[in-house]
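Chains A and B supply the protein sequences, listed in that same order. Quick note: to get the working numbering, add 759 to the position in the first sequence (first position is 1). Quick note: to get the working numbering, add 759 to the position in the second sequence (first position is 1).
Careful: at least some of the hints might be erroneous.
[As the list claims (entries may be wrong)] Just the calculated beta-carbon pair ranges, DEER-fashion:
id, chain 1, residue 1, chain 2, residue 2, range
1, A, Q787, B, Q1002, 19 to 29 Å
2, A, R837, B, D1036, 56 to 66 Å
3, A, D842, B, T785, 27 to 37 Å
4, A, D772, B, Q1002, 17 to 27 Å
5, A, E764, B, K1015, 36 to 46 Å
6, B, Q958, A, T894, 52 to 62 Å
7, A, G888, B, Q958, 48 to 58 Å
[Said to hold, decoys possible] If you want the ones that stay clear, here's a sample from chain B, every Cβ over 12 Å from chain A, calculated:
id, residue
8, L767
9, E819
10, E845
11, D956
Hints are computed from structural coordinates only; laboratory data are not their basis. For every residue, glycine included, the Cβ atom is placed at its ideal position computed from N, Cα and C.
There are 2 protein chains.
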Amino acid sequence: MMTIEKLLPNPTDPRLSRTVEGVDETGQAKSISVIEERPLTIYLNSQEIVTAMTIGDHPEYLALGFLLNQGMLKETDRVTKIDFDEELEVAVVRTAGVTDVEDKLEKKTRTSGCAVGTVFGDMMAGLEGLSLPDTPVHTSTFYDLSYQINHTPSLYMETGAIHGTALCQGLQVLAYMEDVGRHNAVDKIAGWMHLNDIQAADKVLYTTGRLTSEMVIKTALMGIPTLISRSGFTAWGVDIARQVGLTLIGRMRGKKFTCLSGQHRLVYDQDLSQVPDEDKKMRRKGAQRD
Amino acid sequence: MMTIEKLLPNPTDPRLSRTVEGVDETGQAKSISVIEERPLTIYLNSQEIVTAMTIGDHPEYLALGFLLNQGMLKETDRVTKIDFDEELEVAVVRTAGVTDVEDKLEKKTRTSGCAVGTVFGDMMAGLEGLSLPDTPVHTSTFYDLSYQINHTPSLYMETGAIHGTALCQGLQVLAYMEDVGRHNAVDKIAGWMHLNDIQAADKVLYTTGRLTSEMVIKTALMGIPTLISRSGFTAWGVDIARQVGLTLIGRMRGKKFTCLSGQHRLVYDQDLSQVPDEDKKMRRKGAQRD
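One chain only, chain A, in its complex shape (with noise of 0.2 Å):
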């Protein structure tokens, strides 16, 4: 572990953040920073996947990410390379063979011609028999990472408007990206995690995102037992956690969360007169229901 370099957000990097000038509401001139967003199409060899609507930091983590938590990439399919062209904003991930999801898009869209129900179909099934690792988490981390984390320099302390999602171990924050979509900055650290061979057991997912089928879904399959929020939940998101075996935590700000799934896993080991009531500066500038 301590050989990874950590990644972290880069709010400095110009390609990823523009002034804009504009107007208040008293009709001032005003400019702001605000994030760019462009389309990165996705490909498996020679398969189209998806466009996604990307700030474009880390493609090629976001790509490989995407088709592993998608449920497209399996365990045994050997990534060879992952091909990025900056112009054409395409990003290809190349395997040692042809994937079971190329085989099956090849029949499908000789149907119905849409992969969507295709790629969450295999999201799902990647789920059976699938069970969490039992692994005890203490509430003290939750509140020291959130500090950490709402205390990195961030894009969205640049711009707003943006989604991050840590992923961390005990009160290290081994990686922290951030999006305009809150599930490519999942994907991002998912295919990070692939690349560097890191173990997901010990780990535990920080995002800034609400808890959706589709965000506990890609923890799961990421392997990580344990998945924080500041934001809500969706029922079936409840559902599809406590099928699996994830602790899930929602609405963490200042003191207070909820935990609607693998509670039996928490050690409450945080002397709670300890925590402040949450900061009004880290309250969320683009602040809204997620």
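Starting from the known structure of chain A, arrange chain B on it as the hints suggest.
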């Protein structure tokens, strides 16, 4: 207009939310109401188009609005029927003749097998030559409408973790839809507008979601000249708004807002000293970067 029944959230619909048992940060049992999330697979005639994650209200409006907002249904396409099968979670929009997009997907799927790129291409293509009506808009209405929307009984108040979009005319909220997918809320309004033959030129669209390229494109294709959000911007969203002459207002909370496109159409008629700073209770539970 007066004969049209308003379309508002129905937080009391038992199909849309569920009480779930969990624990809080102290380990005490806690039960909260969470929003439902279910797939809806949308067909255009016999062509499968997409599977959307939705709360499940108004599937017919969502299916029709999605196809309209993706540029997959043209003005010339006559919609004859919309079928919804609750058990199969499928909505089928039927047209008098075969649509261009069915032809295109037919060809497309023989090559790459992915509809997504095509869909996105159609969205952008629909913007060519599009120029929104140059309707003046009074800033005083923004504050009044925000207050109305924030005080309308909603699933958001019940469960959080959900987005809302409202179609407004003057000081009236005509339609307010919510969904786990922020684009679904907009699409449901588009479907409702189409079926009720609601004109767009004098309307304002309010959304809780970020002003991404997709949100701006949908609003532009709906023909609505003003889009307002509590949340922030993306650079591409701003570029597209300027291209089509959309008045784009973001970060609207309390007295404040930022306008990054179409500011020449704003009429500043609000005495800001009369606008309270945002009520803390109005800050979103799921408070986040959208």
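query = Given a hinted range of 17 to 27 Å, is it respected by the beta-carbon distance of D772 of chain A and Q1002 of chain B?
reply = holds, 25 Å
task = Could you check that no beta carbon of chain A comes within 12 Å of the beta carbon of E819 of chain B?
result = At roughly 20 Å from the nearest Cβ of chain A, E819 of chain B sits farther out than 12 Å, so the non-interface label holds.
request  = For the range 48 to 58 Å, tell me whether the beta carbons of G888 of chain A and Q958 of chain B fit it or not.
outcome  = holds, 54 Å
key: Whether L767 of chain B stays farther than 12 Å from all C-beta atoms of chain A, as the label says   = holds, 17 Å
inquiry  = Given a hint of 27 to 37 Å, does the C-beta separation of D842 of chain A and T785 of chain B actually sit inside it?
reply    = Hint violated: Cβ distance 51 Å, outside 27 to 37 Å.
query = Any Cβ of chain A at or closer than 12 Å to D956 of chain B, or is the non-interface label fine?
reply = holds, 30 Å
task = Could you see if the CB distance from R837 of chain A to D1036 of chain B stays within 56 to 66 Å?
result = The hint (56 to 66 Å, Cβ to Cβ) holds, given that R837 of chain A and D1036 of chain B are roughly 57 Å apart.
message = Verify the CB-CB distance for Q787 of chain A and Q1002 of chain B against the hinted window 19 to 29 Å.
response = holds, 25 Å
query = Is the nearest Cβ of chain A still more than 12 Å from the Cβ of E845 of chain B?
reply = E845 of chain B clear of chain A: closest Cβ-Cβ about 16 Å, beyond 12 Å.
task = Using the Cβ atoms, figure out if E764 of chain A sits within 36 to 46 Å of K1015 of chain B.
result = Distance hint for E764 of chain A, K1015 of chain B holds at roughly 40 Å.
query = Are Q958 of chain B and T894 of chain A spaced within 52 to 62 Å by their CB atoms?
reply = holds, 58 Å
Of the numbered hints stated above, the single one contradicted by the structure is hint 3.
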